[in-house]
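Colleague: The primary structure of each chain is shown beneath.
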Amino acid sequence: MRYGMVIDLQKCTGCNSCTVACRAEQGTPAGVHFHKVIKYEFGKYPNAKMKFLPMPCMHCQDPPCQKVCPTGATFIHPEGLVLIDENKCIGCRACMVACPYESRQFLWEIKTYFLGTHPTPYEKIKQRGFEKGTVVKCNFCLQRLEQGRLPACVTTCPSEARTFGDIDDPESEVSRLIVRHRGMPFRAELGTEPSVYYMKG
Amino acid sequence: MWTWTVNLIALLLSILWVVMFLKQSQAGLIRTALNDKFTWGLYVQAFFFFSALAGGILVFISIVTLFEIDSLRKLAEIGSAVSLGCLVAAGMSLGSDLGKPFRGFKIATGKNFASPLTWDFITLSICGILNLLFLSGIIPGRGAGAMIWAVLCLIAALGFVMIHTLFFLSRVGAGFRSQPFLGLDTLAQSLWGGTALIVLLAVVLKMEPFNMVRILMILTIFVLIPQAGSTIATLTIKSRGAEYKKIIAMDAILLLILILIQIGGPKNPVLLAIGSILILIAVFLEKSHLIRQYQTKPILPLPYSRYEDIPPYSPTSYEWIMSLGSVGACVLVTSIVFYLKPGL
Numbered sequence: 001m002r003y004g005m006v007i008d009l010q011k012c013t014g015c016n017s018c019t020v021a022c023r024a025e026q027g028t029p030a031g032v033h034f035h036k037v038i039k040y041e042f043g044k045y046p047n048a049k050m051k052f053l054p055m056p057c058m059h060c061q062d063p064p065c066q067k068v069c070p071t072g073a074t075f076i077h078p079e080g081l082v083l084i085d086e087n088k089c090i091g092c093r094a095c096m097v098a099c100p101y102e103s104r105q106f107l108w109e110i111k112t113y114f115l116g117t118h119p120t121p122y123e124k125i126k127q128r129g130f131e132k133g134t135v136v137k138c139n140f141c142l143q144r145l146e147q148g149r150l151p152a153c154v155t156t157c158p159s160e161a162r163t164f165g166d167i168d169d170p171e172s173e174v175s176r177l178i179v180r181h182r183g184m185p186f187r188a189e190l191g192t193e194p195s196v197y198y199m200k201g
Numbered sequence: 202m203w204t205w206t207v208n209l210i211a212l213l214l215s216i217l218w219v220v221m222f223l224k225q226s227q228a229g230l231i232r233t234a235l236n237d238k239f240t241w242g243l244y245v246q247a248f249f250f251f252s253a254l255a256g257g258i259l260v261f262i263s264i265v266t267l268f269e270i271d272s273l274r275k276l277a278e279i280g281s282a283v284s285l286g287c288l289v290a291a292g293m294s295l296g297s298d299l300g301k302p303f304r305g306f307k308i309a310t311g312k313n314f315a316s317p318l319t320w321d322f323i324t325l326s327i328c329g330i331l332n333l334l335f336l337s338g339i340i341p342g343r344g345a346g347a348m349i350w351a352v353l354c355l356i357a358a359l360g361f362v363m364i365h366t367l368f369f370l371s372r373v374g375a376g377f378r379s380q381p382f383l384g385l386d387t388l389a390q391s392l393w394g395g396t397a398l399i400v401l402l403a404v405v406l407k408m409e410p411f412n413m414v415r416i417l418m419i420l421t422i423f424v425l426i427p428q429a430g431s432t433i434a435t436l437t438i439k440s441r442g443a444e445y446k447k448i449i450a451m452d453a454i455l456l457l458i459l460i461l462i463q464i465g466g467p468k469n470p471v472l473l474a475i476g477s478i479l480i481l482i483a484v485f486l487e488k489s490h491l492i493r494q495y496q497t498k499p500i501l502p503l504p505y506s507r508y509e510d511i512p513p514y515s516p517t518s519y520e521w522i523m524s525l526g527s528v529g530a531c532v533l534v535t536s537i538v539f540y541l542k543p544g545l
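Just so you know, the protein sequences line up as chains A and B, in that order.
Numbered as in our numbering, the first sequence ends at 201 without a single skipped number.
Numbered as in our numbering, the second sequence ends at 545 without a single skipped number.
Hints were generated in silico from the structure; no laboratory data involved.
There may be inaccurate statements among the hints.
[As the list claims (entries may be wrong)] Just the calculated beta-carbon pair ranges, DEER-fashion:
| id | chain 1 | residue 1 | chain 2 | residue 2 | range |
| --- | --- | --- | --- | --- | --- |
| 1 | A | Arg180 | B | Leu486 | 47 to 57 angstroms |
| 2 | A | Arg149 | B | Phe239 | 51 to 61 angstroms |
| 3 | B | Asp510 | A | Glu146 | 36 to 46 angstroms |
| 4 | A | Glu146 | B | Ile433 | 47 to 57 angstroms |
| 5 | A | Thr155 | B | Ala450 | 55 to 65 angstroms |
| 6 | A | Pro78 | B | Tyr508 | 36 to 46 angstroms |
| 7 | A | Glu146 | B | Ala450 | 55 to 65 angstroms |
| 8 | A | Tyr45 | B | Ile433 | 36 to 46 angstroms |
| 9 | B | Ala450 | A | Pro78 | 25 to 35 angstroms |
| 10 | B | Leu267 | A | Lys67 | 28 to 38 angstroms |
| 11 | B | Leu457 | A | Lys111 | 45 to 55 angstroms |
| 12 | A | Phe42 | B | Phe239 | 23 to 33 angstroms |
[Unchecked claim] As a list, the in silico DSS-like pairs of lysine-lysine whose alpha-carbon atoms are at most 25 angstroms apart:
| id | chain 1 | residue 1 | chain 2 | residue 2 |
| --- | --- | --- | --- | --- |
| 13 | B | Lys407 | B | Lys468 |
| 14 | A | Lys132 | A | Lys88 |
| 15 | A | Lys111 | B | Lys224 |
| 16 | B | Lys238 | A | Lys111 |
| 17 | A | Lys44 | A | Lys126 |
| 18 | A | Lys67 | B | Lys312 |
| 19 | A | Lys88 | B | Lys312 |
| 20 | A | Lys88 | B | Lys468 |
Every value quoted in this text rests on a predicted model; they were computed, and no experiment measured them.
C-beta: ideal position from N, C-alpha, C; glycine also.
Construct all of the structure, not just a fragment, from the sequences and the given hints.
Modeller: This is the structure in structure tokens:
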């Protein structure tokens, strides 16, 4: 069993609803986003296009971040997710230096969304799990997976650009899409074996 | 009189470090100018600097012990005290940089032996213990015990100096140009800085003047050659070439100064002190450059990083004061060892 995701880049419109859904689900402090959508230009005038690359954590199977973590705070879950044990994290940020996808963020401070006011009840509840001085990242919404639900970014995508499932199972929808559309991980040449694949890019 | 003044300043700086450290522990690393793009700053630069100096001195002590050079034994003992100070300062610098400094001990229990930081912790701890053994007088001047100690010390010291070249390997893997002579450069810098500090000590303690300028000149050439090699290796990259040229120019000027000292007065304490201080500054600047070069550019390649902006890093007063505090602690620890060992 290895959880993975396929993102259809032709369907992605760069609306950032995945980023918003991720923030709402994880309740990340202001300025912290586990998911980002990178925009870039493609081609030359008059045929230039604006393209988008949604980037959650790649949940690599050979993750450099896990190798450099001196305390073992970064570990690989039996189902292939790369997770952080915040109680073990010492905030050395070696994992941030090592990650070639910029998937990690450091909690320099816990900021609220409304400057100069107290945290809202929502923030109070959601931000309990965040500890200043530690590193955070996307966990493929493990809390939802444990309830049999899909990650928030997958459920919310209005163009249904994302498919999530077991990439170890050749019969699963993700595996079929990867094979049918020759899905490729981002920067496959690095040899980190990401669990996020892109197609039609 | 000046000894007391220096010790008093060192004590004040150390106290200031403690106060700032506690304040920073409460407020978090938001007190620094670091950000998610530029994650390692002045604290890590200071850590690399102090550990390089400690490594260089320990290599010197190991060689003196291995070759049973009795004439330099006294200087080796003094060097050992300073290297202990440098190790303490390195630990303080690293501690300052942690988001959760009070969890630092978890490095020992993490047992992730693939991590360079784990090996850094292990080798630095071994060096500290070996240093204390040397200072306690348990290690004899010659014989099998001395040989074993020297070999262990050499392995541990060279170990952590070389580990510092591994921290940015993943960035190299991610598409950053590697510095092909980084290992040799790091080693040469460490020996260069360590020797310069020993020369400075010898001058300050008015020890028998010995001609160390030639050794410093040789080590300067050892530092220059990898830099020149790196420049040749990156001739096709405009920005990288310019960065290396500045460092090469600085090292070349230092070599010229050392040649002038050798001609003008190789035993002149003032000239020796100036030369040594300039070398220490150069080592710090080179460590600083090493850390900066991998962080001043976006990690993702073009075109993905086209709209990415890395904010310029300029250390805050917190960072400067705490780094100076670790310098103070280095001097203070050395002075305490001198006080506890009157023979030094």
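Colleague: Compare the structure with the hints numbered earlier in the document and write down the numbers of the violated ones, lowest to highest.
Modeller: Violated hints: 2, 9, 17 and 20; rest satisfied.
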